[in-house]
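Participant: Below are the chains, spelled out letter by letter.
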Amino acid sequence: MPTPTRWFIKTSFVYLALALIAGLLLAARSLFGLTALGGLFPVYIHLLVFGWLTQLVFGVVYWMFPKYSAEKPRGSETLGWWTYALLNVGLALRAIAEPVQSVHPNPFAGWTLVVSAAIQFCAGLTFVLNSWNRVREK
Amino acid sequence: MMPRLSVWFVRASMIYLLAGFTLGALMLAQDGISYAPAVMAVLPVHMEFLLVGWLVQLAMGVAFWIFPRFGLPHSRGNETLIWASCLLLNAGILVVALELWIPAVFLIGRILETGAVIIYAAGLWRRVKPHGT
Chain A
1 MPTPTRWFIK
11 TSFVYLALAL
21 IAGLLLAARS
31 LFGLTALGGL
41 FPVYIHLLVF
51 GWLTQLVFGV
61 VYWMFPKYSA
71 EKPRGSETLG
81 WWTYALLNVG
91 LALRAIAEPV
101 QSVHPNPFAG
111 WTLVVSAAIQ
121 FCAGLTFVLN
131 SWNRVREK
Chain B
1 MMPRLSVWFV
11 RASMIYLLAG
21 FTLGALMLAQ
31 DGISYAPAVM
41 AVLPVHMEFL
51 LVGWLVQLAM
61 GVAFWIFPRF
71 GLPHSRGNET
81 LIWASCLLLN
91 AGILVVALEL
101 WIPAVFLIGR
111 ILETGAVIIY
121 AAGLWRRVKP
131 HGT
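Chains as they are written, first to last, in the numbering used here: chain A, 1 to 138; chain B, 1 to 133.
Chain A extracted, bound-state conformation (with noise of 0.2 Å):
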């Protein structure tokens, strides 16, 4: 397993772990009527659909999709990375920003999500840049 895919796996697990625990949270806002805690729904869900899901597969298919050329078989290592990095640090910055914005609303924070939107999304175009030379017949 290439180094990019082992922590990106791991990463997904940690996040996982996360949003079980945002899970909890909701659960608990719900019984306890923590108003605190407003804005956390939408954090859990991508916590576990784009730092779990989509991070295990962004992994597994650097990991194993068809080789790119004998030289470079993952396509740019590079661009992996970049990928790794763009995608925790946009979700890193939602998780925090998103649920201030929501109970305080406040520039500092709105700007935040703007700059983790920009990111996340070039996340994703990274990861298509770097694997679609690899989904090929031959």
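Simulated from the structure, these hints should not be mistaken for lab results.
Please note: incorrect hints may appear among the correct ones.
[Said to hold, decoys possible] Cβ-Cβ distance ranges computed for the label pairs, FRET-style: (1) Ala-27(A) with Leu-94(B): 29 to 39 Å; (2) Glu-137(A) with Gly-71(B): 12 to 22 Å; (3) Glu-137(A) with Asn-78(B): 12 to 22 Å; (4) Arg-29(A) with Val-39(B): 22 to 32 Å; (5) Pro-42(A) with Leu-94(B): 34 to 44 Å; (6) Ala-104(B) with Trp-63(A): 11 to 21 Å.
[To be verified] If we take Cβ atoms under 8 Å as the criterion, some of the chain B residues that face chain A in the derived model are: (7) Met-2; (8) Val-7; (9) Met-14; (10) Leu-18; (11) Thr-22; (12) Ala-29; (13) Asp-31; (14) Gly-32; (15) Ile-33; (16) Val-56; (17) Arg-127.
From the three backbone atoms N, C-alpha and C, an ideal C-beta is built for every residue, glycine too.
Here the structure of chain A is known, so what remains is to put chain B in place on it, guided by the hints.
Facilitator: Frame of chain A; chain B shown alone:
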């Protein structure tokens, strides 16, 4: 190497990944700076593109590629069925996306997607088996 049909499934899934990420980024930015509240209406399409267009379609393409094969010449079973599934699935996703403008077509899109999955399962059913049988 991948069969042509898997290439179409997987590349289509990547296009939906980018489309879904684009819509998600627009909505997240709206949460941050409220530049166009109407953009939040794309939430169902964002979910459709990423859950069905990206994840389901990627799984279908990869399964068609790597599941155990039959003997030659029809090593991956009835490919016509799976091509039909691919077309129906993508038509269904696009029709569901039209719900932004024509809400009534949502059901038609879901019917197309359901048909696609049933046809796909029928086409792949016998490939869920031990290797070499």
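Participant: Taking the hints in turn, state whether each one holds.
Facilitator: Checked hints:
Checking the proposed 29 to 39 Å range against Ala-27(A) and Leu-94(B) shows it holds: the Cβ atoms sit about 37 Å from each other. Taking 12 to 22 Å as the suggested C-beta distance range, the pair Glu-137(A) and Gly-71(B) conforms, at roughly 21 Å. The hinted range of 12 to 22 Å is satisfied by Glu-137(A) and Asn-78(B), whose Cβ atoms lie roughly 19 Å apart. With their beta carbons about 27 Å apart, Arg-29(A) and Val-39(B) fall inside the hinted range of 22 to 32 Å.
As the Cβ distance of Pro-42(A) to Leu-94(B) is approximately 26 Å, the hint placing it in 34 to 44 Å is violated. The hint said 11 to 21 Å for the Cβ distance between Ala-104(B) and Trp-63(A), and at roughly 44 Å that hint is violated. The beta carbon of Met-2(B) is positioned within 8 Å of a beta carbon in chain A (closest approach about 6 Å), and the interface hint is therefore held. Checking Val-7(B) against chain A by beta carbon gives a least distance of about 6 Å; that is within 8 Å, so the hint holds.
About 5 Å separates the beta-carbon of Met-14(B) from the nearest beta-carbon of chain A, less than 8 Å, and the hint is met. The closest approach between the C-beta of Leu-18(B) and any C-beta of chain A is roughly 6 Å, which is under the 8 Å cut-off, so the hint is satisfied. A least Cβ separation of about 6 Å between Thr-22(B) and chain A falls short of the 8 Å threshold, and the interface hint therefore holds. Satisfaction of the interface hint for Ala-29(B) is found here, the shortest Cβ-Cβ separation to chain A being roughly 5 Å, below the 8 Å cut-off.
Interface hint at Asp-31(B): satisfied, since its Cβ lies 6 Å from the closest Cβ of chain A, which is below the 8 Å cut-off. Restraint check, Gly-32(B) versus chain A: the minimum CB separation of about 3 Å is within 8 Å; hint holds. About 5 Å separates the beta-carbon of Ile-33(B) from the nearest beta-carbon of chain A, less than 8 Å, and the hint is met. With a cut of 8 Å, the hint placing Val-56(B) at the interface with chain A is violated, because the nearest CB-to-CB distance is about 12 Å.
At its closest, the beta carbon of Arg-127(B) sits 18 Å from a beta carbon of chain A; the interface hint therefore is violated under the 8 Å criterion.
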